[in-house]
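A.B. asks: Now for the letters of each chain:
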Amino acid sequence: MAERYSSFTPGGTGWFLQRVTAAFLVVVLAFHFFLLHFVNHAYEVSFMGTQARMENIGYFLTMVLFLVTAAFHGVNGVYNALVNQGLEGTQKKVVLAVLTIAGVGLVAQGTYVALTMSGMI
Amino acid sequence: MSQSYNRGLIEDFGRWKEFSAGMWAWIFHKFTGWMLIGYLFTHIAVLSTSISAAGESTDVIEAQNDIYSTTLQGLEGLFLIRLLEIGLLAVAVFHILNGLRLLMVDLGIGLESQDKSFYASLVLTGAITVASVPTFLTGVGI
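Here the protein sequences line up with chains A and B, keeping their order. With this note's numbering applied, the first sequence covers 187 to 307. With this note's numbering applied, the second sequence covers 216 to 357.
This is chain B alone, in the form it adopts within the complex (with noise of 0.2 angstroms):
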């Protein structure tokens, strides 16, 4: 026999101290998963300077003086820009694995294993974004 049960909304979350590990990973993706489709916004809207560095000469764009090229540099000089980018290789790095762990989920492969995977998801990127920092890092002063 089957018993009902009404468990409110699903993502209430005025209930987070009874989360499980598979609720936490399920609301990681998807803060994750709206950082980076922000991003994606951002990105292209930074990268539509191309539409104007396309019409610059080339003595301009050789001497990477066109809008595209000062732009970026520009961004990239900023030490804030520069953590930044750490902060979204942290979101995508996670989004990653866990968005791999969620579909050998669907496959149903290793379905006793899923809270494990996500911590393990959890310190793959934080080692994988702590050994990025140097990368990330070169060339900019505070």
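Isolated chain A (complex conformation) (with noise of 0.2 angstroms):
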């Protein structure tokens, strides 16, 4: 059997929700393009239009878990990047625990602005 270059384990915990996430990704990231640049068109986005499309629970919903999943895969993503890379030892802790940070802080800034947009607060 040939060796294997990437950094993922198959059947480890990451390897596996880079999968899922990216299954999901697919579909979710081809709607939010289809929906605002082909259906509603960029030009046109108000406050007004995405706040009446926030207040319905189930686009609130998907848009929320859009941006857990998506940042989640993409932090995920470069990490495993940089792990390929022959980032080793101290450094790499540190890349890990930057990109969880950055990570984390992207799903708080994010989820705070759906609640604006939806008027939930």
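Don't read these hints as lab results, they were simulated from the structure. Honestly, I wouldn't trust all of these hints.
Claimed, not checked - So the derived list for chain B, only partly shown, Cβ under 8 angstroms to chain A, looks like this:
hint : residue
1    : I252
2    : D281
3    : S284
What the hints assert, rightly or not - The calculated DSSO-like cross-link candidates involving lysine-lysine, where the alpha carbons are at most 30 angstroms apart (straight line), are:
hint : chain 1 : residue 1 : chain 2 : residue 2
4    : B       : K245      : A       : K278
5    : B       : K331      : B       : K232
6    : A       : K279      : B       : K245
7    : B       : K245      : B       : K232
8    : B       : K331      : B       : K245
Beta carbons are placed, not taken as given, at the ideal position from N, Cα and C, and that holds for glycine.
Please dock the two separately framed chains into a single complex, following the hints provided.
C.D. replies: In structure tokens, the structure reads:
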């Protein structure tokens, strides 16, 4: 069998979650682009229009889940790309900590933004 | 009997002339992934104008004079932003299509055609991007 060069371990939690989020993101990212560029147009986006969409609880929850999965998939992807690049030891731990803080910060800010758009706060 | 080879660093970009279709797919997927996560941070930063907009009066919001509407519509009025959006679409479409290809590879489906499916991802990305140009350039001047 050929050697594996990926830092992902098949069967591991990170490997599995990267693929589960990928399957979800494929659908939701395509939907997001289609809705905001082809059904509605980006140049016509207004706070009123955004509020109307985000007041729908199903749409709101989909967007928050979209944010969480995209942040995880992106940050985990960057981390594994850097590990593939040869990151080791203390540097690896520091990068993981920085990326985790950035990812959590992104989700927190994005959720706050989503709540203001939906009129919940 | 197995032999081991020292293949060096996994992603030694200096060896790009030796890369196969699968390696190019891996590198393109990584490159587009970096762009997409970078964009997500920027996207949330721009959308954060909704925090101020939510505190503005109903009249201002209905007239689309709130900070969120004026920021987004102002950006959309720039030709450069429209070009960058087309670039973002190309990056996202390739990442989606090649991502589907990777899920198939992980499931062991169509392994013998993995190079052809990479070329198909490239061609389909080009076609979808070109077909979307008129929509993305609606209502903007150079």
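A.B. asks: Tell me the numbers of any earlier hints that the structure contravenes, in ascending order.
C.D. replies: none
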